[in-house]
Amino acid sequence: MLNKAPFKTAYKVLNKLHQHGFDAYIVGGAVRDYILNRPVHDIDITTSARPDQVQALFSKTIPVGIEHGTVIVREEGANFEVTTFRSESGYADYRHPEQVYFETSITEDLKRRDFTMNAIALSIDGGIIDPYNGQHDLKENRLMTVGDPEVRFKEDPLRMLRGLRFMSQLGLDMPLALENTCRELAPLLKNISVERIYQEFTKLLKGKNLQKAFHILLNNDIHQYLPCLKDKQSECRQFSALSLEKLLSDEERWCALMIQLDINDIAGFCRAWKMSKKQKNWLLKHTAIYRQQKQHEWTRESLYRSGLSSALSVERLKKAFRDQTGQTEADIINLWDKMPIHDRKHLHINGKDLSRWLQRKPGPWIEQLLSKIEGEVLCGRLQNDYEEIKRWVMSFV
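The C-terminal residue of the sequence shown carries number 397 in the numbering used here, and the numbering is unbroken.
Computed beta-carbon distance windows for the label pairs:
id : residue 1 : residue 2 : range
1  : 391       : 284       : 37 to 43 Å
2  : 173       : 262       : 27 to 33 Å
3  : 141       : 302       : 42 to 48 Å
4  : 307       : 351       : 18 to 24 Å
5  : 135       : 325       : 45 to 51 Å
6  : 87        : 231       : 40 to 46 Å
7  : 193       : 78        : 27 to 33 Å
8  : 272       : 337       : 37 to 43 Å
9  : 135       : 64        : 29 to 35 Å
In silico PhoX-like cross-links for lysine-lysine, where the CA-CA straight-line distance does not exceed 25 Å:
id : residue 1 : residue 2
10 : 246       : 208
11 : 203       : 230
12 : 232       : 280
13 : 232       : 319
14 : 319       : 206
15 : 390       : 338
16 : 277       : 206
17 : 203       : 139
18 : 318       : 280
19 : 338       : 319
20 : 203       : 232
21 : 232       : 206
22 : 352       : 372
23 : 319       : 285
24 : 212       : 319
25 : 280       : 230
26 : 278       : 345
27 : 318       : 203
28 : 278       : 246
29 : 203       : 190
30 : 190       : 154
31 : 352       : 390
32 : 274       : 285
33 : 246       : 206
34 : 285       : 372
35 : 285       : 345
36 : 206       : 230
37 : 190       : 232
38 : 361       : 345
39 : 285       : 203
40 : 274       : 203
Simulated from the structure, these hints should not be mistaken for laboratory data. Even glycine gets a Cβ: it sits at the ideal position worked out from N, Cα and C.
All chains, please: the whole structure from these sequences, using the hints.
Put into structure tokens, the structure is as follows:
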């Protein structure tokens, strides 16, 4: 039975569908991860019920893709994508099917899926429906498409990158026939939006078996159809050999890639990948800090300029590139904790105080003087005290 973690709440959705005469199964990544004893996250459900019937059964629903049979059911604070059994045909835009047909059979529904490991269903009593031998392929550590790989990849070329992402995450091997199909159809990636490629590539970078995935990516010229990676085969191979497990965020991994590629136009690279303004600014800042700090230990001044969070990110990047300076994370935190101020706002005076003391109108001189005061306080030559700072300032008048 599925009435225990991690499927306890999903079981209630399945049970209600069954009570009203419909078939329903858990499908997709949740089943794959359950079989692999990996943490289960998003749980998708497929059912013989039509979208309007699903909406009628549950009090909280969101019709996110009702034309394709998908309704989000909200149960006990969790969201479940509930999709009617379906088959598909025609992919003129290399993503969305032109025709969707509602089916009554779970096996017909599983036939449309990308890889065999994602075409496994779990019934309410815990039984496995696996018409395409996905469990066997997982046991053999093998990535296989459902049916002809040329058909699957022509339907949606992003599936080639998706397959590489699974290799990176799960350490799967790609059979030679599938690899050859990827090489042949890689040019079709030109038809895929950069936003979708970015999302898949970001997940690929996070995998523990990145080097294996990059081997296929580079040897089959798939990288030639990704933004800014054309003719960067050698740099990409060196990147995949870095100690990337030390990096903790997507931003740090993208930063490492740009450093290895020796990208000078960071903003242009970010635009090419359609990154957000927030991410672009993060990458601009941290790439610059890394290049300044490479092979240098942190001082109070450099740590103050960077900030603790940024300094720790850059230090992880340095270690990924094996730029050892002898400082540990604990050393950097200890240095930070001993600093008298961590930001200008921590000074016990401000520009208005300076203007009043010196009886001068505001101007660029305030910024210059505040910078000098920051430096004196930071290095310990001046106490961060209102009266002490005032005496120091007035001594120059």
